[in-house]
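Enquirer: Residue strings, one per chain:
Protein chains: 2
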Amino acid sequence: MPERTEISTLGEFGLIDHLTKNFELHNASTIVGVGDDAAVIDHFGKQTVITTDLLLEGIHFDLMYMPLKHLGYKSVIVNLSDVYAMNATPTQLTVSIGISNRFSVESLNEFYEGIYAACEKYNVDLIGGDTSSSQKGFVISVTAIGEVAADKFVKRSTANKGDLICVSGDLGGAFLGLTLLEREKNIYLENPKIQPDLEGEDFIVGRLLKPEARKDIIEFFDQQKLLPTAMMDISDGLSSEVLHICNQSNVGCVLYENKIPIAEETRSAAFKFNLDPTVCALNGGEDYELIFTVKQEDYEKIISNEKISIVGYIKDIEEGRKFISKGGNSFDITAQGWNALK
Amino acid sequence: MPERTEISTLGEFGLIDHLTKNFELHNASTIVGVGDDAAVIDHFGKQTVITTDLLLEGIHFDLMYMPLKHLGYKSVIVNLSDVYAMNATPTQLTVSIGISNRFSVESLNEFYEGIYAACEKYNVDLIGGDTSSSQKGFVISVTAIGEVAADKFVKRSTANKGDLICVSGDLGGAFLGLTLLEREKNIYLENPKIQPDLEGEDFIVGRLLKPEARKDIIEFFDQQKLLPTAMMDISDGLSSEVLHICNQSNVGCVLYENKIPIAEETRSAAFKFNLDPTVCALNGGEDYELIFTVKQEDYEKIISNEKISIVGYIKDIEEGRKFISKGGNSFDITAQGWNALK
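Quick note, the sequences are listed as chains A and B, same order.
Residues in the first sequence are numbered consecutively from 1, following this note's numbering.
Residues in the second sequence are numbered consecutively from 1, following this note's numbering.
Since the list gives no way to pick out one identical chain from another, each pair is judged satisfied if it fits inside one copy or across any two copies.
Pairs of lysine-lysine residues, derived as PhoX-like cross-links and limited to a Cα-Cα distance of at most 20 Å, are as follows: (1) LYS225 x LYS46; (2) LYS21 x LYS69; (3) LYS21 x LYS121; (4) LYS295 x LYS259; (5) LYS152 x LYS301.
Bear in mind the hints are in silico, worked out from the structure with no lab data behind them.
Given the structure is predicted, the values throughout are model-derived calculations rather than measurements.
All chains should be built: construct the whole structure from the sequences, respecting the hints.
Expert: As structure tokens, then:
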């Protein structure tokens, strides 16, 4: 009988690594392949960045509380976020969809309104795609293309000892938005007469349903002539992402709990749900902020931008990956981020 | 109550047109957007071609008779075919998959063996992708990137009156392979003790399960310094594709039944199924051959390649789109090709 290994034994990143490890590159134009936010292709000095995301109904989104326009918008944003995470500027986009016959043309119009709104805001062209029926569930596949000046792209694998670890914006909000909407959905499913109570929770709901990509941070780098040493976007929680950077850069790190940026609205929502806001920031996903490392000499530039927080620094690999709590205790950082394959 | 228009009223191409017609392009680098085999992006003189295809289990493939290795191979080929159809050379590829827990690591290894075999044969690099679980069914999204010298890309919309209409290889085989495999599947489902009878039908089964992309034709154009006036790949049947070229080029055409290339194996399989081989070539899909138009002065070059058949020529739009049967009768060409949205 043929061997059978469950995919769950490898996890998403283990699986990708397993499937792609023996693959040799043939084209000189391929600068960065599998294993970063996006791939990089050389085009006569200027570099092209390419990234793709698959979004499946029931896995990545729930149409019960995700309006189609927001879904279209978000489908674009999650890809643009990967392009910015390479320090590149997105320029083009392809969108493929698989739809069942429960969708009408009007509902697809709404979805594309969201796509267009994001393209408009981020100055990106929709250049192609594929449209198909699906037997069940809405399938969305988006590929984003971007450009970056030669050697200005920033990988995950190039952080160095002593570098400051920075994050943009605030963390944990999207996870609390999801927690709230899941609770309201369950209440509604038990008793459809009860209307959802989202009163005063616009912030966390917005963080989940209408994320933005950090174009402003990439523009700030450009204005300041600042090149991060490593960067990626935060889609699976701070813990998971900082470990990616450490693993790929072969370094250790220390993160300080009291430096992690958490919005007041996120904090108070966490308390209502009896959750630790720090845990939400570390392990909750879908914030689409950027995590990046900079040389210590860039400290002055970084603190001039109030949208950036310094949350720790890179250490030797021997010193491990540590989290220092507000009480001063030290813990090993573990990735408990969202795993789409569990 | 909000209006509801069924998607089937528009069809796939109507739907794409409807959803994308109001979209303005922002980036000067976007040369060709939605509406061709692939999009074209300018990269400092050299042009980048990009195309994407979504393949869904139960819609585009049936794992009952599609071995995973072949499926991986074919997922790459259908995209490379679109790149060649722009007269470009494919260079990179992203592959995203959504998988349910019925898949093991071993089964994905098989799928990726097919991906790698195609990448190896066509000299293409796998540079990224996304891996996710799916609730039901296997989801595959492939995006291919290619390159072409400035202004050497070939669109669908540039055929001119008098041009010769050519096709590569032979047509109708993949449709007959599908017909055979569907018949054997139904027999098996009714009585699992009966093993499939594919005796002597390697050719048509191979046409369906292991198509190739016409790299050789693009290389021939390059060697001959021949630039087709219009081109696309044949994925939905000759009728559908010739109408795309005519509609987008705003021209008419005439096709001759006795010029349509059909392999002997296809012809005899058609007779066994009591089907007209010409109808299979006109309306069957998935041959992944190329249809292209050339100027009459390129006639000598074209006939030097035995893999190319001249099947008709382009006429004024007023003369309609005609098919001349072996008996000399003239019919209007109608697209009855495969419509994934019906």
